[in-house]
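Asks: Residues 1 to 59 in our numbering are what the sequence shown lists, from first letter to last.
In case anyone wonders, no lab produced these hints; they're calculated from the structure.
Mixed in with the good hints there might be a few duds.
[Stated by the list, open to error] 25 angstroms max Cα-Cα, derived SDA-like pairs, lysine to any residue:
1) Lys37 <-> Glu51
2) Lys48 <-> Leu29
3) Lys4 <-> Phe39
4) Lys37 <-> Arg54
5) Lys4 <-> Phe25
6) Lys37 <-> Leu18
7) Lys4 <-> Lys37
8) Lys4 <-> Glu47
9) Lys37 <-> Arg27
10) Lys48 <-> Val26
11) Lys4 <-> Ala22
12) Lys37 <-> Glu16
13) Lys37 <-> Leu19
14) Lys37 <-> Pro17
15) Lys48 <-> Leu23
16) Lys37 <-> Ala22
17) Lys37 <-> Glu47
18) Lys4 <-> Glu24
19) Lys4 <-> Leu29
20) Lys48 <-> Ala38
21) Lys37 <-> Glu24
22) Lys4 <-> Ala28
23) Lys4 <-> Leu19
24) Lys4 <-> Glu16
25) Lys48 <-> Ser59
26) Lys4 <-> Val26
27) Lys37 <-> Trp49
28) Lys4 <-> Gly36
29) Lys48 <-> Asp58
30) Lys48 <-> Phe25
31) Lys4 <-> Pro17
32) Lys37 <-> Val26
33) Lys37 <-> Lys48
[Said to hold, decoys possible] Simulated restraints on C-beta separations:
34) Gln9 <-> Ser50: 48 to 56 angstroms
35) Tyr53 <-> Ala28: 23 to 31 angstroms
36) Asp44 <-> Glu21: 29 to 37 angstroms
37) Glu12 <-> Gly36: 39 to 47 angstroms
38) Lys4 <-> Glu51: 41 to 49 angstroms
39) Gly36 <-> Leu56: 19 to 27 angstroms
40) Tyr42 <-> Ile8: 34 to 42 angstroms
Here the structure is a predicted model, which is why all the values come from computation and not from measurement.
Even for Gly, the Cβ is constructed at its ideal location relative to N, Cα and C.
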Amino acid sequence: MNTKEQIIQEIEHLPEPLLAEALEFVRALQVKPLEGKAFQAYLDSEEKWSEVYRRLADS
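Generate the whole structure from the sequences, applying the supplied hints.
Replies: See below:
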């Protein structure tokens, strides 16, 4: 049984009130990597563009 099947099996046993909480958690997980990628892209560019960022901050 793969991970997705195990998650589905566990969800099938949750009471209705906890399903809403589980849904919120799954949705939060889907957003998290996008935020991480954007911030990592900024960090990767920070040294190259530090002078531009400094001038923008000072303006």
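Asks: If a hint holds in the structure, say so; if it doesn't, say that too.
Replies: Hints, one by one, checked against the model:
1. Straight-line distance between C-alpha atoms of Lys37 and Glu51 comes to about 22 angstroms, which keeps the hinted pair within the 25 angstroms bound.
2. In summary, the hint linking Lys48 to Leu29 is not supported, as the alpha carbons are separated by about 31 angstroms, beyond the 25 angstroms threshold.
3. A distance of roughly 28 angstroms separates the Cα atoms of Lys4 and Phe39; the hinted pair therefore is violated under the 25 angstroms criterion.
4. Annotation: proposed proximity of Lys37 to Arg54 holds, straight-line Cα distance about 22 angstroms (limit 25 angstroms).
5. For the proposed pair Lys4 and Phe25, the alpha carbon gap of about 15 angstroms is at most 25 angstroms, so the pair holds.
6. Distance hint between Lys37 and Leu18 is unfulfilled; the C-alpha atoms sit about 30 angstroms from each other, more than 25 angstroms.
7. Distance restraint check for Lys4 and Lys37: the Cα-Cα separation of roughly 24 angstroms lies within the 25 angstroms cut-off, and the hinted pair is therefore satisfied.
8. For the proposed pair Lys4 and Glu47, the alpha carbon gap of about 40 angstroms is over 25 angstroms, so the pair is violated.
9. Under the criterion of a C-alpha separation no larger than 25 angstroms, the hint pairing Lys37 with Arg27 is consistent with the structure, at around 17 angstroms.
10. A C-alpha spacing of about 36 angstroms is found between Lys48 and Val26, which places the hinted pair above 25 angstroms, so the restraint is violated.
11. Taking the CA atoms of Lys4 and Ala22, the gap is about 14 angstroms. The hint holds against a cut of 25 angstroms.
12. Using a Cα cut-off of 25 angstroms, the hinted pair Lys37 and Glu16 is violated, with the two alpha carbons roughly 33 angstroms apart.
13. This hinted pair does not check out: Lys37 and Leu19 have alpha carbons roughly 28 angstroms apart, beyond 25 angstroms.
14. Our distance criterion of 25 angstroms between C-alpha atoms is broken by Lys37 and Pro17, whose separation comes to about 32 angstroms.
15. Among the hinted pairs, Lys48 with Leu23 is inconsistent with the structure: their alpha-carbon atoms are about 40 angstroms apart, more than 25 angstroms.
16. About 24 angstroms separates the Cα atoms of Lys37 and Ala22, which keeps this hinted pair within 25 angstroms; it holds.
17. For the hint pairing Lys37 with Glu47, the CA-to-CA distance comes to about 17 angstroms; that is within 25 angstroms, so the pair holds.
18. Taking the CA atoms of Lys4 and Glu24, the gap is near 17 angstroms; set against the 25 angstroms cutoff, the hint holds.
19. Of the pairs offered as hints, the one joining Lys4 and Leu29 holds, with about 15 angstroms between alpha carbons and a cut-off of 25 angstroms not exceeded.
20. Restraint check: the Cα-Cα separation between Lys48 and Ala38 comes to about 16 angstroms, which is no more than 25 angstroms; the hinted pair holds.
21. The straight-line distance between the Cα atoms of Lys37 and Glu24 is roughly 21 angstroms, inside the 25 angstroms bound, and the hint therefore holds.
22. Restraint check for Lys4 and Ala28: satisfied, since their Cα atoms lie roughly 17 angstroms apart, inside the 25 angstroms limit.
23. The suggested pairing of Lys4 with Leu19 holds, with an alpha-carbon distance near 16 angstroms, which does not exceed 25 angstroms.
24. Pair hint Lys4 plus Glu16 holds up; C-alpha atoms about 20 angstroms apart against a cutoff of 25 angstroms.
25. At roughly 19 angstroms between alpha-carbon atoms, Lys48 and Ser59 fall within 25 angstroms of each other, so this suggested pair holds.
26. In summary, the hint linking Lys4 to Val26 is supported, as the alpha carbons are separated by about 12 angstroms, within the 25 angstroms threshold.
27. At roughly 18 angstroms between alpha-carbon atoms, Lys37 and Trp49 fall within 25 angstroms of each other, so this suggested pair holds.
28. With a C-alpha separation of about 23 angstroms, the suggested pair Lys4 and Gly36 falls inside the 25 angstroms cut-off, and the hint holds.
29. For the given pair, Lys48 sits about 18 angstroms from Asp58 by alpha-carbon distance, which is consistent with the 25 angstroms threshold.
30. With a C-alpha separation of about 36 angstroms, the suggested pairing of Lys48 with Phe25 is violated against the 25 angstroms cut-off.
31. For the suggested pair Lys4 and Pro17, the alpha carbons sit about 21 angstroms apart, so the restraint of at most 25 angstroms is met.
32. Using a Cα cut-off of 25 angstroms, the hinted pair Lys37 and Val26 holds, with the two alpha carbons roughly 18 angstroms apart.
33. Using a Cα cut-off of 25 angstroms, the hinted pair Lys37 and Lys48 holds, with the two alpha carbons roughly 18 angstroms apart.
34. Distance hint for Gln9 and Ser50: a CB-CB separation of about 50 angstroms, consistent with the stated range 48 to 56 angstroms.
35. As the Cβ distance of Tyr53 to Ala28 is approximately 29 angstroms, the hint placing it in 23 to 31 angstroms holds.
36. As the Cβ distance of Asp44 to Glu21 is approximately 35 angstroms, the hint placing it in 29 to 37 angstroms holds.
37. Range check, Glu12 to Gly36: Cβ separation about 30 angstroms, and the 39 to 47 angstroms hint is violated.
38. Under the hint 41 to 49 angstroms, the C-beta atoms of Lys4 and Glu51, about 47 angstroms apart, fit the expected range.
39. Checking the proposed 19 to 27 angstroms range against Gly36 and Leu56 shows it holds: the Cβ atoms sit about 23 angstroms from each other.
40. The hinted range of 34 to 42 angstroms is satisfied by Tyr42 and Ile8, whose Cβ atoms lie roughly 36 angstroms apart.
The structure fails to meet hints 2, 3, 6, 8, 10, 12, 13, 14, 15, 30 and 37 from the earlier list, while all remaining hints are met.
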